[in-house]
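Asks: So you can see what is in the structure, the chains are spelled out below.
Protein chains: 2
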Amino acid sequence: MDNASLQIQPDEYGLLTDLYQLTMAACYVGEGLDQRRASFELFVRRLPEGFGYLIAAGLASALDYLDKFCFTPAQLAALKATGIFAGAPADFWQLLESGKFSGDVWAVPEGTAIFANEPILRVEAPLWQAQIVETYLLNAINYQTLIATRAARLRDVAGPEAKLLEFGTRRAFSPQASLWAARAALAGGLDATSNVLAALKLGRNPVGTMAHALVMAITALEGSEADSFEAFHRYFPGAALLIDTYDTMAAAKMLGQNRPDQLAGIRLDSGDLVTLSQQVRQELPGIPIFASGDLDEREILRLKQAGACIDGYGLGTKLVTGSPVNGVYKLAEIDGIPVMKEASGKLTYPGRKQIFRSEQGDRLGLADEATPAHADGLLMPVMRHGQRVVADDSLGQICARATRSVAQLPATARDVVNPIIPQAEISPALQKLTDCTRRSQLATVN
Amino acid sequence: MDNASLQIQPDEYGLLTDLYQLTMAACYVGEGLDQRRASFELFVRRLPEGFGYLIAAGLASALDYLDKFCFTPAQLAALKATGIFAGAPADFWQLLESGKFSGDVWAVPEGTAIFANEPILRVEAPLWQAQIVETYLLNAINYQTLIATRAARLRDVAGPEAKLLEFGTRRAFSPQASLWAARAALAGGLDATSNVLAALKLGRNPVGTMAHALVMAITALEGSEADSFEAFHRYFPGAALLIDTYDTMAAAKMLGQNRPDQLAGIRLDSGDLVTLSQQVRQELPGIPIFASGDLDEREILRLKQAGACIDGYGLGTKLVTGSPVNGVYKLAEIDGIPVMKEASGKLTYPGRKQIFRSEQGDRLGLADEATPAHADGLLMPVMRHGQRVVADDSLGQICARATRSVAQLPATARDVVNPIIPQAEISPALQKLTDCTRRSQLATVN
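So the protein sequences, as listed, match chains R and W.
Mapping to my numbering: the first sequence position 16 is 16, numbers consecutive.
Mapping to my numbering: the second sequence position 317 is 317, numbers consecutive.
What the hints contain is simulated information worked out from the structure, not anything from laboratory work.
Everything numeric in this text was worked out from a predicted model, so none of it was measured.
Check each hint, because a few of them may be wrong.
One copy or two, either will do: identical chains are not told apart, so a pair holds if it fits within one copy or between any two.
Pairs of lysine to aspartate or glutamate residues, derived as EDC-like cross-links and limited to a Cα-Cα distance of at most 16 Å, are as follows [as the list claims (entries may be wrong)]:
1) Lys318 to Glu49
2) Lys346 to Asp247
3) Lys163 to Asp247
4) Lys100 to Asp362
The task is simple: from the sequences and hints, build the whole structure.
Replies: Structure (structure tokens):
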């Protein structure tokens, strides 16, 4: 296998898992438990610092993975050759070789706001399958949910008129992360991405302005910054120009005196954005001003409150990197028996659950409870017996849902500095089940 | 193209760039500047908060990308269909279609410690090529350098005897990020990864213990936590056991009374790790204790100072996510003319540079300067005329280099809480060039 760039081939995603998922699966086979029906739920115990909600994303990749889940004979041979599975039952290899994902999946649609302890997704499948898929499902949903949430917060703070552009590819944590970030950013409310491959895959046009290198190269070779602007406009008439390579206000004044036709905007990437944007607006009235450089929703809020004249923002580093969404994937029921984890500070709710959302807020209940009046159950069936039962939502649908979701939140949850996170009420049935399950397990252990 | 999981095909990496790289390249073609020789250098202006050094990594992926750099006719058709390039010169398309990377690359070997403003890599190539490759090169080196650096810090704090295991796949920012993180973590000093695909691609055995789900499932189906441990050991004799699902000390006492043969270890994933590890050591003397759960180098330092009895650590979230290394890629010379950026707070040093390292510290000078006595130039030629001139280092070589690099650092740079970052001295020749270049450009602009 290629070991330099660690590119992933389309048939390699089965092995994209933690070793223990496979050793546990082998144990389940040996114990005759591999076909027992298991329900695992994916949720977040605590929201990231300063977040008042999450926007669910990543379901499309998760389902695509489950669709394609398999192991090739060559992969299984490589796995055997490690020697780790010397004691595993022979049936284990047969199961993996013939294995397809045959379970049911329930999920919250992408673009939906969710909170702590609310399942984003539930897998109901033979135990061995539900176990192995954990790693990839978490990988897909954790990151895309983080980015969609940040995008929604950015849109909420910047307002509907602002142009919000995803510029994070150079800082994203791998090429694939840059593609996932681009999709999730558009899903959460950004307008466009500079990532050419991502844009083309998503059926969108990529966007961008120009970089300092062009200004520096043409200034050095042809004589002046003005030459670099004119050169760029010969091929991209009116394209937005980057004016802070040497002296921002000198460049703005020069453009004010020799204003190009249809100038689509200028970009500022350094300095005091409040003062500079106000001064540039004076020199170049009516020309959109774009800002970039380590911006996030809090900084945009600050810029707006300070009276900056900024019409669009390039979002990179602080959109696509940083602290993660720490989703977990926990066994909730096995063979009809509700189970829960009781580790210190990491208690989970047992049983197959549903989120009932109404104007009064969320209630976390059991999947089999009757839906309360005027409430909707957020988790929907998306896969049955390993087959998709709904088509993927389009990016436009997801983005519209995210916008609606955010608009319906209390203002205190939308605060990007000190939000108050809405708490789901626990239904009496779920509370009762939690109490019973906990006691019975303590009795077993003691 | 596939738009759900956004998998990247091996021939798609040419498009993995920001739009503006392509529009600038089109402008260079139109202006007849595309073949001018450009030197871009990749470096970090400021180290991440709390870091006293960086361990360079990602070169192997960067060179693999440059080796394969190309555009397919279908990709160029998709690009044309966006309409963005309607004004681009026809030669631009011919250039991309026939384009291969034909430049020279100088780089610091992976595993080398480097500091602010020191080039990790320099590309010397026709301007259009050197421009387009910026995005991918930054993506590859920024992330892998971050992870290798964190791994080196973890090893430095935990000591040579500790087992350090990379468990971050579920939290990594995309599947490919998990593979890159695994490789860079091993390069920086970790022992092994739980990521099965990464391990097999790297020729290593994956590692792991067990998860709470197995304990919960078998406890529910077969009766007790002890049953789950026995079941797992039937297929993986002696495998490390996870003992905090219900009551950590109850599980430890139970294992102390019915001690399995060759128990390879136990894992703690919650609670007060200092107290629990001490109590578990009492119950299970001689059994290695592994800890996991949001650990990083500072927490490991705290645990050690507090007297925790921990022999190995599982590192996930805080190893593979978080604040990035913010490398930049800046034009240093065009057609033999040194250039620099002078934007507020973002000044760069002009000219093609070399890092001269000696026991007295680093000197940043010009590539053409004589190497000072008792110093070595860290940047080496790795590609000439688009051809590799050295083979990739093995992971073992890189890791050994990282260990040596860290050992040679001042203790103040190795401090993981309040490090002092070594500063390279600027050579008189580079200082003189900086002063001249700056003045001449200001004269041009004003």
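Asks: Out of the numbered hints, which ones does the structure contradict?
Replies: 3 and 4
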